[in-house]
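Hey, can you piece these two chains together into the complex? The hints should help.
Taken in sequence, the protein lines are chains S and U.
Sequential numbering from 1 applies to the first sequence in our numbering.
Sequential numbering from 1001 applies to the second sequence in our numbering.
Honestly, I wouldn't trust all of these hints.
From the structure, some residues in chain S lie toward chain U, with a derived Cβ separation under 7 Å [to be verified]:
1. P3
2. R5
3. I16
4. S68
Ranges between beta-carbon positions, derived for each pair [unchecked claim]:
5. U:S1313 x S:S71: 41 to 49 Å
6. S:C21 x U:V1244: 47 to 55 Å
7. U:S1273 x S:E38: 16 to 24 Å
8. S:E63 x U:D1229: 33 to 41 Å
Just so you know, these hints were derived from the structure itself, not from any lab.
Ideal Cβ placement from N, Cα and C applies to all residues, glycine included.
The residues making up each chain are set out below.
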Amino acid sequence: MTPERFEVIIRGATEIWDVECKVEFMDSRPACLLWMNEHKVSICHEVTSFGNVWRIIGLDGRERVHPSLGSTLSSLSRILRPNQPNARVIFAR
Amino acid sequence: MIDRLSETIDAVDITVLSGFLGSGKTTLIRTLLERPDLARTAVIINEFGEIGLDHELIESSEEDLVELSTGCICCVMRGDLQEAIERLMVRQQTGNVFDRIILETTGLADPGPILHSLIYNEYLKSLVRLDRVVITVDALSGLNSIANFKECPQQIALADIILITKADIDPTNVDDLRRELRRINPEAFIYKSNFGMTEVDLFSLNRQQIEKVSENDIDEHSHHHTHSDLHSISLRRKQPIKAVTLTLFLETLAQVLGQNLVRLKGIVYLEESLKTPAVIHGVQHVFHPMSWMADWSGEAPETRLVLIGRKFSLNWVEAVLETIEEEVAQTIS
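Same shape as in the complex, but just chain U (with noise of 0.2 Å):
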């Protein structure tokens, strides 16, 4: 740890940047540094290999720019990570030089462990503060990406913004591939990106926006012709949860699932908070602190969760959670 970096700071917003080998990572980064708002962002570069090119191709100052090049960021970075974020903050509380933080990964990456690191780690916490993860996807090759590289869907699905990126070249694949990553992660904001130029601004979005769960349910059976392994479904239920039901709930889908879930967002309707929804969002096993809406917005309150992995069905997690709703009940009694 540096030693120099004083308790008080206050926490920057980190963007994370994601998407595959040639999506279009650092050219949506170089567009974003050209506009004026954002002249005050500092951007952390991780890239695969021994010659860092990202880093050459980004005009920036080049005291904003940390190059983490000690490989895949998510395999070993995190301690690099921390050091790097260290780096920042510790200008920041001299100068006060950038209002947020970007960091680009390798689009080999699995934003996974980077996510985890951001919401579990309390001393990068004290740093940073989580605020959006963008992801880009090439419409010339996404859907081929999707299909053959297991990282390209993960990406996805952690996704808060997609970016469909290069559209204007060639737009004949774009309504599948928009198909395609609304079945894989539906809850995600999609717009198109041509040369860095976002349809709506990345950062217009605020968190509220962003952790809203649409009241669409998905269908799990609308799209017959799928590129990857990942899906996802949507949850329903009227009746209110007990905090410790819904406890156990996401433990037993944490330990059968493992891997294969790597996303769960929505909003709870509490029987111990029946006014208030509590907001719920955890990137594989590991959960941020729950967040509370202040109200139901007018709509009639109900639990709505959305879930994104492999091999499970709606009939499997609707009836571990009914079973589980029965235990509870009966152990109470």
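Excised from the complex, chain S in its bound form (with noise of 0.2 Å):
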């Protein structure tokens, strides 16, 4: 995972979620501050010796470690958007 990659997944989450938010990004890791007011998440991505790591603290400063992408961007979307209903694909028999 560079910078690059990660900062285009979420700018890109946060636009297609319209969350109003100020993002800084690490130009030397994978990491970043979203900043809602004076609120802050912040998000990183860790390759550890047992694979991928995605750390998030939260708005409540409790932090959530997800194995992949998409449990992470589930998770990023229940604190962004609490009141926003997961999507789950399905796939007709």
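Structure, rendered in structure tokens:
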């Protein structure tokens, strides 16, 4: 995960969700702070010996750790849009 | 459920006909029903409002018309639609009276929920087979409807075939309209229709032609003056994609995009099936069963997906796919 791709994904998600925030991206690593007024959400991606780790520290200060992009975006959606239900894809048989 | 309906009845093709208010749906049906080869066609009409007028305007055998008058078809109809189809199929079972059904929606309907029912409802699928989605767009007021009514671009995005109507009255806007239709839905067939007479026979295209994805890239920046916030992107990939990556990718798109994803269609170069392209076709978050083409017909294998919706960019979709591919590769290794 390059910092550039990380920025495309996070910025794109906030635009798709119409979240009003300022985003500060780190140049050297895939990490950012989302500022919503004086409140912030921190997101970063790391590659560890046991695989990918996405860390989100939400508005409540609690850290959430996720192993995949899908679960990270789902978690971020719940933090940034608490009243929005999560969609699921359905495959007709 | 109507208990007289046998479980062994053959499913009948159903064509969904939609289009904004006054765009010529009823005129089209009247003309189609005059064709001898379409004489064995049943029509289901839904109207918005208490007085069903379209019903009166279509001259046909009473028994082959079913009118749904309980409100807008996309909001309240699904049980109603099922009942209407059942009523037709009971008659079909007793006398084999029609070969196809045309379902006309109201001008204010988003066809998405209707298509969900026809794609996903097991019982409805045993009775009818979604054949094609035809949308009428008025050459006189189409650009205005696209700009001002969200239902209109939504209908266009879901079309297999788009008919530009009333171009004979004033062709001034036809080129602009055609460009806007192409921008919203680059994969639909676009024809003109004057007083219900279409340039090309609506039913001459087969499923394979309708499902085919063009090889042309979509230029996201080609039209600066646009009327709708709907747009389309095309994703191409020469490397095969693992089936699990495809599933996770589609789930992530549906989860993040929600209502902003209106339609997705394309062919996929699957690692588990290198010689036979997989065809995927989704309306919002509901996907048809994956089907398979016989081979690549001499073309170089590659994944080609077209996504129609709002607020997402090709860069974002590619970044999501690349990340999921890396995650799957790491998990497997």
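With respect to the beta-carbon atoms only, verify the hint that S1273 of chain U and E38 of chain S lie 16 to 24 Å apart. Cβ of S1273 of chain U to Cβ of E38 of chain S: about 53 Å, so the range 16 to 24 Å is violated.
Min Cβ distance, I16 of chain S to chain U: is it shorter than 7 Å? holds, 5 Å
Taking the beta carbons of S1313 of chain U and S71 of chain S, is their distance inside 41 to 49 Å? With Cβ atoms ~23 Å apart, the hint is violated.
Is the gap between the beta carbons of C21 of chain S and V1244 of chain U within 47 to 55 Å? About 33 Å separates the Cβ atoms of C21 of chain S and V1244 of chain U, which means 47 to 55 Å is violated.
Between E63 of chain S and D1229 of chain U, does the C-beta distance stay in 33 to 41 Å? holds, 36 Å
Going by Cβ atoms only, is S68 of chain S closer than 7 Å to chain U? Check passed: Cβ of S68 of chain S comes within 5 Å of chain U, closer than 7 Å.
Status of the R5 of chain S interface restraint (C-beta, 7 Å, chain U): holds, 5 Å
Could you check if P3 of chain S really has its C-beta closer than 7 Å to a C-beta on chain U? Violated - the Cβ of P3 of chain S stays beyond 7 Å from chain U, reaching only about 12 Å at its closest.
Checked against the numbered hints given earlier, the structure breaks hints 1, 5, 6, 7 and satisfies all the rest.
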